[in-house]
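These protein sequence lines are chains L and A, in that order. FYI, full-length UniProt numbering numbers position 73 of the first sequence as 73, with every residue one higher than the one before it. FYI, full-length UniProt numbering numbers position 31 of the second sequence as 31, with every residue one higher than the one before it.
Accuracy of the hints is not assured; some may be wrong.
Mimicking PhoX-like on lysine-lysine, the simulated pairs with C-alpha atoms at most 20 angstroms apart in a straight line are [what the hints assert, rightly or not]: (1) A:Lys30 / L:Lys32; (2) L:Lys14 / A:Lys5; (3) L:Lys27 / A:Lys158; (4) L:Lys27 / A:Lys167; (5) L:Lys17 / A:Lys161; (6) A:Lys169 / L:Lys27; (7) A:Lys5 / L:Lys4; (8) A:Lys5 / L:Lys17; (9) A:Lys49 / L:Lys14; (10) L:Lys32 / A:Lys10; (11) A:Lys118 / L:Lys27; (12) A:Lys158 / L:Lys32; (13) A:Lys167 / L:Lys4; (14) A:Lys5 / L:Lys32; (15) L:Lys27 / A:Lys30; (16) A:Lys30 / L:Lys4.
These are computed hints drawn from the structure, not numbers from a lab.
Spelled out from the first residue to the last, the chains are:
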Amino acid sequence: MTDKNLIEQLRALKEIKPSQEWVVLTKENLFKEEPKFTLIGFIKELRRGERFVFNHKPAFAAVFSAVIFIGLFGFAQNSVPGDSLFPLKKITEKGQAVLVSGKDKPRHDLEMVNKRLNDLTKIASLNGDVQPAIREYKNSAEEAAKSIKEAGNIEEIAGEIKKLAENEAIVRSLGVETGETEELENALAELIEREIKTLERTFLTVEESEMLAVAKELFEKEEYSKALEQILEIGK
Amino acid sequence: MSKAKDIFSKIYDDNIERIYRFIFFKVNSKDIAEDICSEVFLRGWQTFKQNSKEIENPSAFLYQIARNLVIDHYREKGRTPTVSSDSLPIVDSSENMEEAVFMNSDLNMVKMALSDLKDEYQEIIVWHYIDEYTVPEIAELMGKSEGAVRVQLHRALKSLKNTLDNKVKIA
Chain L
1 MTDKNLIEQL RALKEIKPSQ EWVVLTKENL FKEEPKFTLI GFIKELRRGE RFVFNHKPAF
61 AAVFSAVIFI GLFGFAQNSV PGDSLFPLKK ITEKGQAVLV SGKDKPRHDL EMVNKRLNDL
121 TKIASLNGDV QPAIREYKNS AEEAAKSIKE AGNIEEIAGE IKKLAENEAI VRSLGVETGE
181 TEELENALAE LIEREIKTLE RTFLTVEESE MLAVAKELFE KEEYSKALEQ ILEIGK
Chain A
1 MSKAKDIFSK IYDDNIERIY RFIFFKVNSK DIAEDICSEV FLRGWQTFKQ NSKEIENPSA
61 FLYQIARNLV IDHYREKGRT PTVSSDSLPI VDSSENMEEA VFMNSDLNMV KMALSDLKDE
121 YQEIIVWHYI DEYTVPEIAE LMGKSEGAVR VQLHRALKSL KNTLDNKVKI A
């Protein structure tokens with residue numbers, strides 16, 4: 001057989017081709033929409049997923065741990081002193097406190113005292129064990145006492161001091177005896193006394209002088225929150 | 001998705017016969033060739049719709065899938081690609097052109113000889129003389145230079161002639 005003959009024979013093999021019906025049918029099947037849901041398909045996908053997770057164990061372990069960790073911290077935000085998750089809440093709060101500037105620290109620390117009083121209220125209203133919450137309240141009050149001595153602008157902390165008086169009243173109304181928070185009381189007294197002395201050295205109208213006299217009376221009665229309100233009114 | 005579908009539809013139309021023939025010469029069975037060929041396009045489509053940009057040469061991509069599936073076919077159950085006149089389908093009617101081809105004994109001999117060739121020779125002959133790919137197109141499919149393709153084509157044709165001569169002598 002010559003090369004030419006062989007090539008002619010080869011070209012004749014072009015007639016080997018699939019049937020047109022099969023070509024059309026195969027194309028139709030190719031572009032058919034995949035079934036939306038079948039049990040077997042679902043099981044196959046599940047097994048594929050298992051294999052994927054197995055093959056990427058370290059990565060999934062890290063992600064899983066991170067999810068658990070974040071989840072725990074999330075749940076911890078609703079915990080109160082005495083709960084097992086409360087230490088996590090404290091860690092979060094301490095982390096946030098690091099970011100607070102020195103100028104905002106007095107207000108932040110008073111906010112913490114109010115939070116602990118809210119915790120105490122929650123526990124007391126559910127007849128729970130109030131002792132851990134009282135300890136936390138006292139610790140936070142000690143912390144706030146240190147920082148409010150340095151407070152430059154009393155207007156910024158006045159709101160929190162007012163809340164403090166209200167929250168203490170609520171706790172007392174529930175029959176909870178928290179004991180003295182002497183350091184915080186002294187710090188507040190020093191702060192208000194300083195403000196009164198400053199006002200005494202300032203020229204005041206008759207009306208303002210009367211208001212200052214009221215503030216002094218409230219201060220003498222150790223009603224520091226009300227005294228502070230009165231002082232703030234004089235400035236207006 | 002519909003754009004990818006349109007593009008792949010064109011790829012299917014342009015390649016279906018060639019891929020089928022490519023497989024047919026390797027497996028010597030219409031049914032098996034159809035099964036493998038449909039699987040080739042199914043896998044091709046699944047890959048194409050996800051990463052169409054990564055497929056530079058769709059024909060070369062489909063031939064590679066076909067090659068792998070034929071290997072899998074023979075690996076399964078330990079089959080080996082044997083070709084003899086006994087293994088060829090007995091055709092006793094001329095229902096279609098494919099069968100008519102085998103009615104011609106010379107053609108049948110050529111077909112058997114082609115099936116007996118080693119894969120690289122078989123593929124280059126099928127691409128050039130049957131599928132009518134040009135040498136530069138084959139060079140692209142094979143990832144070789146045009147010169148290398150010409151040399152291989154020459155050797156493949158020579159090998160086919162020798163195989164055919166041997167078959168004629170035995171017959």
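Hint check:
This hinted pair does not check out: A:Lys30 and L:Lys32 have alpha carbons roughly 24 angstroms apart, beyond 20 angstroms. Between L:Lys14 and A:Lys5 the CA atoms are separated by roughly 28 angstroms; this puts the pair beyond 20 angstroms, and the hint is violated. Distance hint between L:Lys27 and A:Lys158 is unfulfilled; the C-alpha atoms sit about 38 angstroms from each other, more than 20 angstroms. Between L:Lys27 and A:Lys167 the CA atoms are separated by roughly 39 angstroms; this puts the pair beyond 20 angstroms, and the hint is violated.
The straight-line distance between the Cα atoms of L:Lys17 and A:Lys161 is roughly 24 angstroms, outside the 20 angstroms bound, and the hint therefore fails. Proximity of A:Lys169 to L:Lys27 is assessed by CA-CA distance (about 44 angstroms); at most 20 angstroms being required, the pair is judged violated. For the suggested pair A:Lys5 and L:Lys4, the alpha carbons sit about 42 angstroms apart, so the restraint of at most 20 angstroms is broken. The suggested pairing of A:Lys5 with L:Lys17 is violated, with an alpha-carbon distance near 24 angstroms, which exceeds 20 angstroms.
Straight-line distance between C-alpha atoms of A:Lys49 and L:Lys14 comes to about 31 angstroms, which puts the hinted pair past the 20 angstroms bound. At most 20 angstroms may separate the alpha-carbon atoms for a hinted pair to count; L:Lys32 and A:Lys10 meet this at roughly 16 angstroms. Between A:Lys118 and L:Lys27 the CA atoms are separated by roughly 31 angstroms; this puts the pair beyond 20 angstroms, and the hint is violated. About 45 angstroms separates the Cα atoms of A:Lys158 and L:Lys32, which puts this hinted pair outside 20 angstroms; it is violated.
For a cut-off of 20 angstroms, the pair hint linking A:Lys167 to L:Lys4 stands: about 19 angstroms separates their Cα positions. Under the criterion of a C-alpha separation no larger than 20 angstroms, the hint pairing A:Lys5 with L:Lys32 is consistent with the structure, at around 11 angstroms. For the given pair, L:Lys27 sits about 18 angstroms from A:Lys30 by alpha-carbon distance, which is consistent with the 20 angstroms threshold. For the hint pairing A:Lys30 with L:Lys4, the CA-to-CA distance comes to about 28 angstroms; that exceeds 20 angstroms, so the pair is violated.
Hints 1, 2, 3, 4, 5, 6, 7, 8, 9, 11, 12, 16 from the earlier list are contradicted by this structure; the remaining hints agree with it.
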